[in-house]
Amino acid sequence: MSNSVISVIYRFLEEYRTKTSNKLKVVDAYLFYILLTGALQFLYCLLVGTFPFNSFLAGFISCVGAFILGVCLRIQINPDNKGDFLSISQERAFADFLLAHTVLHLVVINFIG
Amino acid sequence: MIYLNIIGVDMAQPRVFCLVLLTVALGAQALTPSHHLSLSDVERLKGLLSQPFTDLASAYYSIVGLSKLGASVADENDACQFLKAQLDPMSVDSLFFAAEASQAISDCEMPVSNETRDILLAAVSEDSTVTQIFRAVSALSSLGLPLASQEVVAALIARIAKEDNVLAITTALQTATRLSQQAELGGILEEIEDLAARLDDLGGVYLQFEEGLEATALFVTAAYTLSDHADTEPPLKEDQVIQLANSVFSKKSWDSRSEAFSVACAAAALSSNRFHVPVIVSTQGPATVSHSQPILHLLVTDILSNPLASASVLVESAQAVASKSVVLSQAPFSLRDGIFELNFMASQPASGYYQFAVVVTGDSRLVANQVELKVKVSTEVAITNMDLSVVDKDQSIGTKTSRVDYPFKAKGSFTADSHQNFAMTFQLVDVNTGVELTPHQVFSFSCVNILMFLLSFCQHCIVLHLLRVFCFSFQTFVRFHNQKTGQEVVFVAEPDGKNLYKFELDTAERKSEFDSMSGTYVLHLIVGDATLENPILWNVADVVLKFLDEEAPAAIQSKTLYMPKPDIQHLFREPEKKPPTVVSNTFTALVLSPFLLLLILWFKLGANISNFSLSPSSVLFHVGHACMLGLMYVYWTHLNMFQTLKYLAIIGSLTFLAGNRMLAQKAVKRLASK
Numbered sequence: 001m002s003n004s005v006i007s008v009i010y011r012f013l014e015e016y017r018t019k020t021s022n023k024l025k026v027v028d029a030y031l032f033y034i035l036l037t038g039a040l041q042f043l044y045c046l047l048v049g050t051f052p053f054n055s056f057l058a059g060f061i062s063c064v065g066a067f068i069l070g071v072c073l074r075i076q077i078n079p080d081n082k083g084d085f086l087s088i089s090q091e092r093a094f095a096d097f098l099l100a101h102t103v104l105h106l107v108v109i110n111f112i113g
Numbered sequence: 001m002i003y004l005n006i007i008g009v010d011m012a013q014p015r016v017f018c019l020v021l022l023t024v025a026l027g028a029q030a031l032t033p034s035h036h037l038s039l040s041d042v043e044r045l046k047g048l049l050s051q052p053f054t055d056l057a058s059a060y061y062s063i064v065g066l067s068k069l070g071a072s073v074a075d076e077n078d079a080c081q082f083l084k085a086q087l088d089p090m091s092v093d094s095l096f097f098a099a100e101a102s103q104a105i106s107d108c109e110m111p112v113s114n115e116t117r118d119i120l121l122a123a124v125s126e127d128s129t130v131t132q133i134f135r136a137v138s139a140l141s142s143l144g145l146p147l148a149s150q151e152v153v154a155a156l157i158a159r160i161a162k163e164d165n166v167l168a169i170t171t172a173l174q175t176a177t178r179l180s181q182q183a184e185l186g187g188i189l190e191e192i193e194d195l196a197a198r199l200d201d202l203g204g205v206y207l208q209f210e211e212g213l214e215a216t217a218l219f220v221t222a223a224y225t226l227s228d229h230a231d232t233e234p235p236l237k238e239d240q241v242i243q244l245a246n247s248v249f250s251k252k253s254w255d256s257r258s259e260a261f262s263v264a265c266a267a268a269a270l271s272s273n274r275f276h277v278p279v280i281v282s283t284q285g286p287a288t289v290s291h292s293q294p295i296l297h298l299l300v301t302d303i304l305s306n307p308l309a310s311a312s313v314l315v316e317s318a319q320a321v322a323s324k325s326v327v328l329s330q331a332p333f334s335l336r337d338g339i340f341e342l343n344f345m346a347s348q349p350a351s352g353y354y355q356f357a358v359v360v361t362g363d364s365r366l367v368a369n370q371v372e373l374k375v376k377v378s379t380e381v382a383i384t385n386m387d388l389s390v391v392d393k394d395q396s397i398g399t400k401t402s403r404v405d406y407p408f409k410a411k412g413s414f415t416a417d418s419h420q421n422f423a424m425t426f427q428l429v430d431v432n433t434g435v436e437l438t439p440h441q442v443f444s445f446s447c448v449n450i451l452m453f454l455l456s457f458c459q460h461c462i463v464l465h466l467l468r469v470f471c472f473s474f475q476t477f478v479r480f481h482n483q484k485t486g487q488e489v490v491f492v493a494e495p496d497g498k499n500l501y502k503f504e505l506d507t508a509e510r511k512s513e514f515d516s517m518s519g520t521y522v523l524h525l526i527v528g529d530a531t532l533e534n535p536i537l538w539n540v541a542d543v544v545l546k547f548l549d550e551e552a553p554a555a556i557q558s559k560t561l562y563m564p565k566p567d568i569q570h571l572f573r574e575p576e577k578k579p580p581t582v583v584s585n586t587f588t589a590l591v592l593s594p595f596l597l598l599l600i601l602w603f604k605l606g607a608n609i610s611n612f613s614l615s616p617s618s619v620l621f622h623v624g625h626a627c628m629l630g631l632m633y634v635y636w637t638h639l640n641m642f643q644t645l646k647y648l649a650i651i652g653s654l655t656f657l658a659g660n661r662m663l664a665q666k667a668v669k670r671l672a673s674k
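Protein chains in written order, with UniProt numbering: chain U, 1 to 113; chain S, 1 to 674.
Treat the hints as calculated values from the structure; they're not laboratory data. Do not take every clue at face value.
With a cut-off of at most 25 angstroms between alpha-carbon atoms, the simulated SDA-like pairs for lysine to any residue come out as follows [as the list claims (entries may be wrong)]:
no. : chain 1 : residue 1 : chain 2 : residue 2
1   : S       : LYS646    : S       : TYR633
2   : U       : LYS82     : S       : ALA607
3   : U       : LYS25     : S       : SER305
4   : S       : LYS502    : S       : ASP405
5   : S       : LYS237    : S       : PRO294
6   : S       : LYS604    : U       : LEU99
7   : S       : LYS577    : U       : PHE111
8   : U       : LYS23     : S       : LYS374
9   : U       : LYS19     : S       : LYS674
10  : U       : LYS25     : S       : LYS400
11  : U       : LYS19     : U       : PHE111
12  : S       : LYS502    : S       : ALA423
13  : S       : LYS374    : S       : SER305
14  : U       : LYS23     : S       : PHE603
15  : S       : LYS251    : S       : ASP231
16  : S       : LYS374    : S       : VAL390
17  : S       : LYS162    : S       : GLY144
18  : S       : LYS498    : S       : SER323
19  : S       : LYS400    : S       : GLU238
20  : S       : LYS666    : U       : ASN22
21  : U       : LYS23     : U       : PHE111
22  : S       : LYS666    : U       : GLY70
23  : U       : LYS23     : S       : THR232
24  : U       : LYS25     : S       : ASP405
25  : U       : LYS19     : S       : PHE603
26  : S       : LYS666    : S       : GLN643
27  : U       : LYS25     : S       : HIS622
28  : S       : LYS46     : S       : ASP201
29  : S       : LYS666    : U       : PHE111
30  : U       : LYS23     : S       : ALA607
If you're wondering where the values come from, they're calculated on a predicted model, not measured in any experiment.
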């Protein structure tokens, strides 16, 4: 069983390496970074405690929000999905990404205390 | 040791008594005077009027005022000389004062000339003021000069129409008293009623003019003098007369000679007119009878405290307040040395309060001659059959009863611990009649003081008996006093059906009152009532009480009840525990580390900024975006949401425009290269 899992993972990584464009990989790296940051914040909260709780929430939700927005960007600029987003060009997706981030940051900074 | 005086509040002053009388009578029948001139008031009035006079007006007030009170000036000859010296034969006022004053002094004649007569007659006309007319008419009448009454009446009526104030009309009434009885005084007599309608009623007790005391007193004088002169009853009801008397005689020290004069005139008018004479009934001393003082003394006087010679006083009924039984009916008072006496104890009343309805007859002029009095019959009490015992709760051991006689103390001390009860029984007996004293005897207000005092010590037991106190019953208190700690606990001994007073102390049940302090308590019995002449404070015995689970610190509690309590320090909210700085620093570094990873990954992927065009829009866009991020930081540290939104709007719109342009250029480039 483990054999097939490993082989699937290996196959996945190979396909990823070859098939995805560089642009998407850049975004993926960014997403990975966001993920790590969020996970580390959560780990801190588990280990040390929730004080100050509002700051933890602000940070964690910032990571979660940024991740989601990143994912949206990735979906929208993936050329394979062009059929679904006919009216949204890549630049438009990026502009939306920036705007959403502005709002997210406003809320997060307000809550961070 | 605190001694409780339980003698009732007796009413020593007749004036206070009259006030109580008034409050009782107001609810019941007609009004009775609440104020009059006592003998000391009359002396004070005479004293004020006897002060040396400096001019004719003050001489007039003094001489005439004193004569109204039945007294005279110190030196009559001197006064007469003074009048003659000060007289100004050209002035109507001067002639008036001198003439009136000289009339009051015997053997004092003022010189009269034709000129005097002419001046005075000239003053009697419609063009002079009422006061001028009055003074002229009075002077003419006192000097024995003839005057035309009808002309005066016409002038007065004309003046009254013009000067429609209280003082003017009163003066007109006074003027009419000096005219001949054949003159038409009807029109002026009607003014009395009109003027009486202008009086202000204050609480149903006082009737006075808003112009003040002097105006009211002068009105009373004028009304009665004129009514006597015209032989017509004044149109004033009995209640109004009493209210007027209350107003005039309520003030006991007078500001000026003229005010004193007006009061003296009013007093004389009310005590000797032909129609209404208010009668004042008061007791001589407190309204109390007892075996040692069985006679009730009544003073029946007029408003000037002169005894009424021809009066006869009768008790219509004497009713016990508590039981409402009539003890006396239609009993006359006998007159001795000007004081009316009745031996009330001869009817053998039980002790308590009695409501007397007294009627004064003998003169049809008497007003307010039906009076209600509250008379107290007091007695002496003796405590008999005082038995103290210590009873075992399970009654296995027989009770040990000791009899104690008043005023001695029990020989041994009594010990009671938690298994025993301490009991006391006794009877209260009237010394004179031997009758047992029962509860429901009228109580006095002084017990409220005792109640307030006791409530601070013993909450449970007394609160239960509060109801009884307000039901006015005979109170007996049993007081335990710990000499060492100063504690005092007071209980009430209640009578049972057979009038035997009982008190039982259950040591275990009552330990909270004693704060569980064991020790020797001195026992006192306190008996008191308003109708008792000899309240009793009797040190009966010493009682040793033993309580279980003694708590010593409780002894201080009662003393610190009224001491300042310890200060309360405000506890500010404790800040939450923070993790050590090392830990938080470590994690900060840890959380920031993925950024490095990101940069490495990007570098590895070959992400670069070679495509960065230096067009103004892209520069502006990046600068604007950086500013927005900087604004976020500033928002975190300094600003509030509103300010941030303001700046964000400005920077954001710039960034948007620049970004829009830049991205459009990029899109064009991308599509062109495709």
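Hint check results:
1. LYS646(S) x TYR633(S): At roughly 15 angstroms apart (the allowed maximum being 25 angstroms), TYR633(S) and LYS646(S) satisfy the hint.
2. LYS82(U) x ALA607(S): holds (23 angstroms)
3. LYS25(U) x SER305(S): With Cα atoms ~124 angstroms apart, LYS25(U) and SER305(S) exceed 25 angstroms; violated.
4. LYS502(S) x ASP405(S): holds (16 angstroms)
5. LYS237(S) x PRO294(S): violated (38 angstroms)
6. LYS604(S) x LEU99(U): The given pair, whose Cα atoms are some 28 angstroms apart, is violated under the 25 angstroms limit.
7. LYS577(S) x PHE111(U): Measuring from Cα to Cα gives roughly 21 angstroms; hence the hint holds.
8. LYS23(U) x LYS374(S): Outside the cut-off at roughly 115 angstroms; violated.
9. LYS19(U) x LYS674(S): holds (20 angstroms)
10. LYS25(U) x LYS400(S): violated (109 angstroms)
11. LYS19(U) x PHE111(U): violated (41 angstroms)
12. LYS502(S) x ALA423(S): holds (7 angstroms)
13. LYS374(S) x SER305(S): Between LYS374(S) and SER305(S) the Cα gap is close to 21 angstroms, so the pair holds against 25 angstroms.
14. LYS23(U) x PHE603(S): Answer holds: LYS23(U) to PHE603(S) is near 13 angstroms, not above 25 angstroms.
15. LYS251(S) x ASP231(S): Distance of about 31 angstroms is beyond 25 angstroms: violated.
16. LYS374(S) x VAL390(S): Not satisfied, since the Cα-Cα distance of roughly 45 angstroms exceeds 25 angstroms.
17. LYS162(S) x GLY144(S): Since the Cα atoms of LYS162(S) and GLY144(S) sit roughly 30 angstroms apart, the hinted pair is violated (cutoff 25 angstroms).
18. LYS498(S) x SER323(S): holds (19 angstroms)
19. LYS400(S) x GLU238(S): violated (70 angstroms)
20. LYS666(S) x ASN22(U): holds (18 angstroms)
21. LYS23(U) x PHE111(U): violated (33 angstroms)
22. LYS666(S) x GLY70(U): Measuring from Cα to Cα gives roughly 20 angstroms; hence the hint holds.
23. LYS23(U) x THR232(S): Violated. LYS23(U) to THR232(S) sits at ~130 angstroms, over the 25 angstroms cutoff.
24. LYS25(U) x ASP405(S): violated (116 angstroms)
25. LYS19(U) x PHE603(S): holds (19 angstroms)
26. LYS666(S) x GLN643(S): violated (34 angstroms)
27. LYS25(U) x HIS622(S): Cα-Cα ~23 angstroms, so holds.
28. LYS46(S) x ASP201(S): violated (30 angstroms)
29. LYS666(S) x PHE111(U): At roughly 36 angstroms apart (the allowed maximum being 25 angstroms), PHE111(U) and LYS666(S) break the hint.
30. LYS23(U) x ALA607(S): holds (8 angstroms)
Hint violations for this structure: numbers 3, 5, 6, 8, 10, 11, 15, 16, 17, 19, 21, 23, 24, 26, 28 and 29, all remaining hints satisfied.
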